[in-house]
Amino acid sequence: MCLVEVEKSPKPVASCAMPALPGMKIKTNTPVAKKAREGVMEFLLMNHPLDCPICDQGGECDLQDQSMAFGADRGRFTEMKRSVVDKNLGPLVKTVMTRCIQCTRCVRFASEVAGVQDLGMLGRGSGEEIGTYVEKLMTSELSGNVIDICPVGALTSKPFAFKARNWELKGTETIDVTDAVGSNIRVDSRGPEVMRIVPRLNEDINEEWISDKTRFCYDGLKRQRLNDPMIRGTDGRFKAVTWRDALAVVAEVLQQVKPEEITGVAGKLSDAESMMALKDFVNKMGSDKVLCEGNGPSPPADLRSNYLMNTSIAGLEKADVFLLVGTQPRVEAAMVNARIRKTVRATQAKVAYIGPPTDFNYDHEHLGTGPQTLVEIAEGRHPFCSTLQSAKNPVIIAGAGLFDREDQDALFSTIETVAKKFNVVRPDWNGLNVLLLHAAQAAALDLGLVANPTESIKSTKFLYLMGADDVDLDKVPDDAFVVYQGHHGDKAVYRANVILPSSAFSEKEGTYENTEGCTQWTIPAVPTVGDARDDWKILRALSEVAGAQLPYDSLSGVRDRISMVAPNLVHVDEREPCTISSEVKPPVKQQVSSTPFKTVVENFYMTDAITRASKIMAQCSATLLKK
Amino acid sequence: MAAPLRRSLPSLGRTLLSPSPAPARMLSAAASDALVEIKPGEIGMVSGIPEEHLRRKVVIYSPARTASQQGSGKVGRWKINFVSTQKWENPLMGWTSTGDPYANVGEAGLTFDSADSAKAFAEKHGWDYVVRKRHTPLLKAKSYAENFKWRGPPKAEQA
Amino acid sequence: MLPPAARLAARRLLGLATSSASDSAAARRLSRSPISYAAAGCSSRLFSTALNYHLDSPENNPDMPWEFTEANMKKVNEILSHYPSNYKQSGIIPMLDLAQQQHGGWVPVAAMNAIAKIVEVAPIRVYEVATFYTMFNRTKVGKYHLLVCGTTPCMIRGSREIEEALLEHLGVKRNEVTSDGLFSVGEMECMGCCVNAPMIAVADYSKGSEGYTYNYYEDLTPKRVVEIVEMLKRGETPPRGTQHPERKNCGPAGGNTTLHGEPKPPPCRDLDAC
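Residue numbers (the UniProt record's numbering), protein chains in the order written: chain A, 1 to 627; chain B, 1 to 159; chain C, 1 to 274.
Okay, chain A solo, but in the shape it has when bound:
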């Protein structure tokens, strides 16, 4: 396809492999070039089956496009086409290997980007095929990307197989909320249904890849959904009621509890608007116990630089030494991990890791499992110090799992000591990072949802869970009234007294801030299910019924309010660096404990209500995480 005619060259020249030279006369549209391209196309199509009508790639196929543009209208190959046995690459990627044209893009992707050297080109000549030789599933958290990479229909999405044709789909460019990276995605929907999720290019965040969780969680959006407001009856069963009744019941209970017994918990997937509304509402009711799950007892919310990835995801590429403290980026933020891997591959950057033993898909040095190692580095006793000392752009990444530890203040101050010692934070380079876990976390810290979860929940009489499923429900007092506002019937619903259905990220406009402090918006792609409403609207309605009306009644109103609390949240697609240095922090008196760091994300495929409801994710965790 890249063949061109070059003057004085006896043969057509492959322009993709030929450097342009001065004085070269290149003709791109001559009969010679055209015929040569036709010839190449004929060879490509020689063994390619003519099954476009039943091929999932049909309509978005590179080979189809090329064939339309450059191919002849007939082939001369009358012999039998070859056939290749299909491979089993796991529950996500469907293979029809007969369609493969041996471009080896998937092999290169697997070994270069995903870092799983499983795929290879086997055999030779017309018997050549892509495969794993031994039976092996593709256990990469990025394996779904080979579907996009494949120019033909050899590797297609297994969950999407035969579900829709791509020209029926309407793409909505939005962002992902299953982790704190905020990958840019396009939600492809047909009518009221999300059919698939594909990545969207954003060089600063996810480049052109997305993780499997992002790509395949969409079937969770259709299952276990909460349709109607429900109240638990005396028999313990839920009964669907109208919004008016449900809100009236909640408001009535609210009047009966003391203000300080009210607790609001925002979930992992909450957008900034709803968290703002929740905070305003709970505060208006006279309580300050409003928090976001995953932020721990006293998150470092005073300075933005203390909980953000200050280097920015793209900035990681400039680093030459990484120190990962209690974080496993491969499962916590697969796209950040891909970026680290890219850096390691390109510049042989060194990676050191402190935390429980885990899988990495690049070379790394496991320094230790607990904070002790960190203290040793801070005191300059550890052999790794020399590496850090000689680093030009060192990066320290602390996991958000540390927020949950008792000694987190001491830990972060130790990390800061390390940073100071090895010149990690300089005017031209900020290598001190926190890798957050959930989409809501950064915005929650910006907005100040920072109450202590254990204390707030233990003493509560009225617990308002806004999509929060991972709070410790055993600690909730038996006589507490629990309202669950969310889109999925997940863990917390079992404890709830009232259910208020809300819309999921694919159905609402919401502001999310990712782990590097970049604010992004979701855009609704599909209508919400049943009688569900946007989170902030429910809170606004409830506040009116409860007699503490919130002062905004449109999305722009909420955003105006947010701009007063955290102006960075209204500047979409921008990263606002923190200007205040960490010098102003008060000294820490806490001692570092010796408890080793623990794994925060046990199951990469199931981390929140949507992914836990997804059948595909369940299959993945059953087959791919098997040890």
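Honestly, I wouldn't trust all of these hints.
Unchecked claim - Some, not all, of what chain A presents toward chain B, calculated at C-beta under 7 Å: (1) 192; (2) 200; (3) 236.
Keep in mind that the hints were calculated from the coordinates and are not lab data. Quick caveat: nothing in here was measured; it's all calculated off a predicted structure. Note that CB positions come from ideal geometry on N, CA and C, so glycine has one too.
Fit chains B and C to the known structure of chain A by using the hints.
Chains B and C in isolation, oriented as in the chain A frame:
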């Protein structure tokens, strides 16, 4: 089939809407020498569009390149997303019904050459709009041969 | 895990490939229909090794322990010493060859894994090499692996008759091992002995990697090739090279017909004359 139709729109849009060429001045609200002065939202009002659709929120964006390498027709152009989610499956046939006249306009019907012309169009109709940043690929000069380049003798620590 | 249907299909294909290969000589003569072309094409694709993917069997699975012997480990180190330590993967081919000699003529998947470990690459990189080169056998072969050249000059000079004679004498099909495990017959492409066509190459794995030989037997007749097989069976080593009584190496049969005198030196420019 639809492509030529769609392609013809931006050129129309360019002549009518972009602020610099002469014909655009006739419609421009800002220009004092305009023949016809159009205030924001006026076109919407006279075009017979139901009142509830006059104050809409739209998102102006430039479609991202597809994740696979094909189909670059929409890349570099600008679209209006009407954020239309009023859809349901019609119980009669299972087809998708919609209550929104703009449901199928955005992606399929309107294409602009620049963000400015899309903005001008939205202003003319009196829509609230947000323009989303366009992300372009970062092109790096690299060659496939580099993968197989001789990377020198082993480093001292490896040997 | 391959789904059962795919597994079955793979087995069938394996059976088809070996059976159609032996029949193909007959089939080629019988008909020229596209179907028989396809059968021949299919078999020719799979002549030296069976499949491009691995199927677990008791004698060939990744869980099998496999190591180079101590003597061979020395050779491995010698091979590695040829390459810079950051380019160890250059040694994959010689090591596969060594493994093949050690393991009786074929490389099990466990051996490939062992090599991958030595050269510090992912196993798939070794699989890629082993499947690419047809001289690496990934299924069991006989102690004497007889490879009949099937390229045009040999074919014209009767390589098909040679192969038929071999197969008939040994009572096997192509790529099948005789019941005593001594012989297997395969086909390969041009070995550069066209002058003495037809020829076979005998890879002798009976004495491990120390006594490994790879000999050509040229100028064969169906009768002579059977004699060679019988000699090998008795443990003798037939004289390698041409089997033509009147030929020396690859010279003309019956002595030179031209170039009788001393070769003239190349003309040299008289530099002084300039």
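Tested hints:
no.: 1; hint: 192; verdict: 5 Å, holds
no.: 2; hint: 200; verdict: 4 Å, holds
no.: 3; hint: 236; verdict: 33 Å, violated
Violated hint: 3 only; the structure is consistent with all others.
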